Amino acid sequence: MQGLRGLLAGAIVSGTPLLYATLAELVSERAGVVNLGLEGIMLVGAAVGFLTAASTGSATLAVAAAALAGALFNMIFAFLVISRRANQLASGLALMFCGVGLSALLGAPYTGSQIGGLGEIRIPGLADLPLLGPALFAHDVLVYLAAPAATVLWWVLFFTRWGLGLRAVGENPLAAFAAGRDPYRLQYQALVVAGILGGVAGAHLSVGVAKAWAEWMTAGRGFIAVALVIFSKWQPLRAVGGALLFGGAISLQLQMQAAGVPISAFLLDTLPYLLSLAVLAVWGGTRRHAAPGSLGRVFQGTE
Amino acid sequence: MTAPLESGGSGVARRARLASLTAPAGVALVVFAAVLLAFGKNPIRAYVDIFGSTLGSAYGLSEALVKMTPLVLTAVAVALPARIWLINVGGEGQLYIGAIFATWGALTFESLAAWLLLPLMVALGFLGGGLWGLVSGLLRARGWVSETISTLLMNYVAILFLNYLVFGPWKDPEGVNYPQTAEFTTAAILPALGQSRVHLGLALALAALGLFAFVVSRTRWGLEMRAIGGNVDAARRSGLPIGRYVVGLMFIGGGLAGLAGMCEVSAIQGRLRPSLSPGYGYTGFLVSWMAGGHPVGMLAAAFLLAVVTAGGDVLQMTQALPGSAVNILMAVILFVVLGRRREDR
Numbered sequence: 000m001q002g003l004r005g006l007l008a009g010a011i012v013s014g015t016p017l018l019y020a021t022l023a024e025l026v027s028e029r030a031g032v033v034n035l036g037l038e039g040i041m042l043v044g045a046a047v048g049f050l051t052a053a054s055t056g057s058a059t060l061a062v063a064a065a066a067l068a069g070a071l072f073n074m075i076f077a078f079l080v081i082s083r084r085a086n087q088l089a090s091g092l093a094l095m096f097c098g099v100g101l102s103a104l105l106g107a108p109y110t111g112s113q114i115g116g117l118g119e120i121r122i123p124g125l126a127d128l129p130l131l132g133p134a135l136f137a138h139d140v141l142v143y144l145a146a147p148a149a150t151v152l153w154w155v156l157f158f159t160r161w162g163l164g165l166r167a168v169g170e171n172p173l174a175a176f177a178a179g180r181d182p183y184r185l186q187y188q189a190l191v192v193a194g195i196l197g198g199v200a201g202a203h204l205s206v207g208v209a210k211a212w213a214e215w216m217t218a219g220r221g222f223i224a225v226a227l228v229i230f231s232k233w234q235p236l237r238a239v240g241g242a243l244l245f246g247g248a249i250s251l252q253l254q255m256q257a258a259g260v261p262i263s264a265f266l267l268d269t270l271p272y273l274l275s276l277a278v279l280a281v282w283g284g285t286r287r288h289a290a291p292g293s294l295g296r297v298f299q300g301t302e
Numbered sequence: 000m001t002a003p004l005e006s007g008g009s010g011v012a013r014r015a016r017l018a019s020l021t022a023p024a025g026v027a028l029v030v031f032a033a034v035l036l037a038f039g040k041n042p043i044r045a046y047v048d049i050f051g052s053t054l055g056s057a058y059g060l061s062e063a064l065v066k067m068t069p070l071v072l073t074a075v076a077v078a079l080p081a082r083i084w085l086i087n088v089g090g091e092g093q094l095y096i097g098a099i100f101a102t103w104g105a106l107t108f109e110s111l112a113a114w115l116l117l118p119l120m121v122a123l124g125f126l127g128g129g130l131w132g133l134v135s136g137l138l139r140a141r142g143w144v145s146e147t148i149s150t151l152l153m154n155y156v157a158i159l160f161l162n163y164l165v166f167g168p169w170k171d172p173e174g175v176n177y178p179q180t181a182e183f184t185t186a187a188i189l190p191a192l193g194q195s196r197v198h199l200g201l202a203l204a205l206a207a208l209g210l211f212a213f214v215v216s217r218t219r220w221g222l223e224m225r226a227i228g229g230n231v232d233a234a235r236r237s238g239l240p241i242g243r244y245v246v247g248l249m250f251i252g253g254g255l256a257g258l259a260g261m262c263e264v265s266a267i268q269g270r271l272r273p274s275l276s277p278g279y280g281y282t283g284f285l286v287s288w289m290a291g292g293h294p295v296g297m298l299a300a301a302f303l304l305a306v307v308t309a310g311g312d313v314l315q316m317t318q319a320l321p322g323s324a325v326n327i328l329m330a331v332i333l334f335v336v337l338g339r340r341r342e343d344r
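Chain order of the listed sequences is A and B.
The letter at position 96 of the first sequence is residue 95 when you use numbering that gives the first Met the number 0, and the numbering goes up by one with no holes.
The letter at position 41 of the second sequence is residue 40 when you use numbering that gives the first Met the number 0, and the numbering goes up by one with no holes.
Note that these hints are calculated values from the structure, not bench results.
Since this is a predicted model, take the numbers as computed values, not measurements.
The beta carbon of each residue, even a glycine, is placed where N, CA and C say it ideally should be.
Do not rely on the hints blindly, as some may be mistaken.
To be verified - Computed list of chain B residues with no C-beta within reach of chain A, every gap over 12 angstroms:
#1 Phe-38
#2 Ala-57
#3 Leu-119
#4 Gly-229
Said to hold, decoys possible - Example chain B residues on the side facing chain A (calculated, C-beta under 10 angstroms, incomplete):
#5 Val-144
#6 Leu-151
#7 Leu-161
What the hints assert, rightly or not - Examples of chain A residues lying across from chain B (beta carbon under 8 angstroms, computed):
#8 Gly-2
#9 Leu-6
#10 Tyr-109
#11 Gly-111
#12 Val-208
#13 Ala-209
#14 Ala-211
#15 Ala-213
#16 Met-216
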């Protein structure tokens, strides 16, 4: 029981940055843009968040700074793929490289620093429930906000005029343009939102979970999020389940290590990546029809 | 956007090509200088360190050539599948698996003579990287997983697997707890040029590059690849085996990156260690994109980024900059290249 409770709590904690990252990629892909630079955005968010927390002592300020940094950083990518119509995959990878370097430069003076980070908020009453109480109701604020964020994104995408326009651009930018929407503007807006969410995802890793900074600490979570978007069929609410499942894979590996299971930690660490590949192999092909129609294509304008 | 591949050409074209490579590098140097200034570092000193330490002496130059060797191989590993628009970002993982396969050969057949053992290790390295790439090729050919995302994910698996081996079953019992295999016998070490660390792998890399240039511009395969890259539907209707090209090019591409891993583990490390590559697979991707897959351009870009990589090591010592800071410089070069080129696929 103890182990199961630990696994669930761990799945929630490890799943949270994955969920924010998945939502970031989802909003971007709904607007027709594949962003492989998410890994870099998360790293910049993690570094900026950590150094803000270390120098101001405020975790709230840290998350806000990370969100802002993520949005600004993603504008490099937005300019390339929207205004310059550059190849999305290569531009995303370039952004990743840049994020790796920039975050290393930003974080270097803070390696080994200690911060308080995001505090645990115990929900009065609920956290003391027997069995699952502590696993579910003793987390930091970003954990509690993750599932609501997915719900808000779902509502925005499917029940607002802005969301409709965004999805229209992702399906068929020319038709959206004909209907009086500005595809470029909507895609820029989507990438601002994606940058914010990606920055928060990184901040949760450094300020919420690890409470430390390490170079390339995201360890491929940005790419796992890309797989999770396919897994969740580009639906924000399904992303919650997907993030929990993958968070569970990360947490399972930690739990097994703690329990002294005689399997190399390095092999256990491959679990989330193999799971991503397996998920893609099983659903990648069949779910393609669920993908936005113009995903990855470059809107050439109307000239 | 398929750049004409025929080498030679008129002087004007050649000069234009040279400019297309140097201009982004120039812009990137200025931007990176601004970043360094913002972080309170002296960019002029940084550049003096980077270029002085590499281009300023015979030793520095030879070290740049050492770093250029894997970059040429990992760049061709990207450029070849890119002929039919496959994006292979798995060079890093393919390099690691190639090194693992080659290490297995070196440790298992250590009594063989060099003239037998080295070709065997080359073949094993190619095979290992190739199989790693093949998985992504198969997944793509079936329409299941984009090769971009699968190669990226498999990089992490490969690196973790290498760590498992050197911390676990392959750990040198006499290695006082260092995570590394036993040292290779001298027969398993690629011969070096004189007193330098420049090794036979450079010849292998140049041969691979030459072969690549020949195949894409002078053979039927090259023509068919151009047809597939130009218009998949038309190529399919004319009966070209597209799936076989997808799988085959990912295998050969992976194999070339695996060869880079073999060279590193044999000539540079002399044993398998976790610190096998400072991201050669990723940098090779950059080299290939910088040059638009052009063979001569890739050679120049590989040299330039080898200088930057070697310079990054120096910056780490002289300027207390993290080694990965030069990633910014590399990324900005790619930003400029991508931002200038119109996507007209």
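Comparing the hints with the structure gives:
Not every CB of chain A lies more than 12 angstroms from the CB of B/Phe-38, the least distance being 6 angstroms, so the non-interface label is violated. Even its closest Cβ contact with chain A, about 30 angstroms, leaves B/Ala-57 beyond 12 angstroms, as expected for a residue assigned away from the interface. Distance check for B/Leu-119 against chain A: the nearest CB is about 27 angstroms away, which clears 12 angstroms, and the non-interface claim stands. B/Gly-229, annotated as away from the interface, keeps every beta carbon of chain A farther than 12 angstroms; the closest lies near 16 angstroms.
Annotation: interface hint on B/Val-144 holds; nearest CB of chain A at approximately 4 angstroms, less than 10 angstroms. The beta carbon of B/Leu-151 is positioned within 10 angstroms of a beta carbon in chain A (closest approach about 5 angstroms), and the interface hint is therefore held. Hint on B/Leu-161 holds. Least Cβ distance to chain A is approximately 9 angstroms, under the 10 angstroms limit. Using the Cβ-Cβ criterion of 8 angstroms, the hint placing A/Gly-2 at the interface with chain B is not satisfied: the shortest such distance is roughly 24 angstroms.
Hint on A/Leu-6 is violated. Least Cβ distance to chain B is approximately 21 angstroms, over the 8 angstroms limit. With 8 angstroms as the threshold, the beta carbon of A/Tyr-109 stays out of range of chain B, its nearest partner Cβ sitting at about 12 angstroms, so the hint is violated. A least Cβ separation of about 13 angstroms between A/Gly-111 and chain B goes past the 8 angstroms threshold, and the interface hint is therefore violated. Against a cut-off of 8 angstroms between C-beta atoms, the interface hint on A/Val-208 is violated, since the closest Cβ of chain B lies about 19 angstroms away.
Nearest Cβ of chain B to the Cβ of A/Ala-209: about 18 angstroms, over the 8 angstroms cut. The hint is violated. Contact between A/Ala-211 and chain B, as hinted, is not supported at the beta carbon level, the nearest pair being about 16 angstroms apart and thus beyond 8 angstroms. Given the 8 angstroms rule on beta carbons, the hint for A/Ala-213 is violated: about 11 angstroms separates it from the nearest Cβ of chain B. Residue-level restraint check for A/Met-216 is violated (minimum Cβ-Cβ distance to chain B is 12 angstroms; threshold 8 angstroms).
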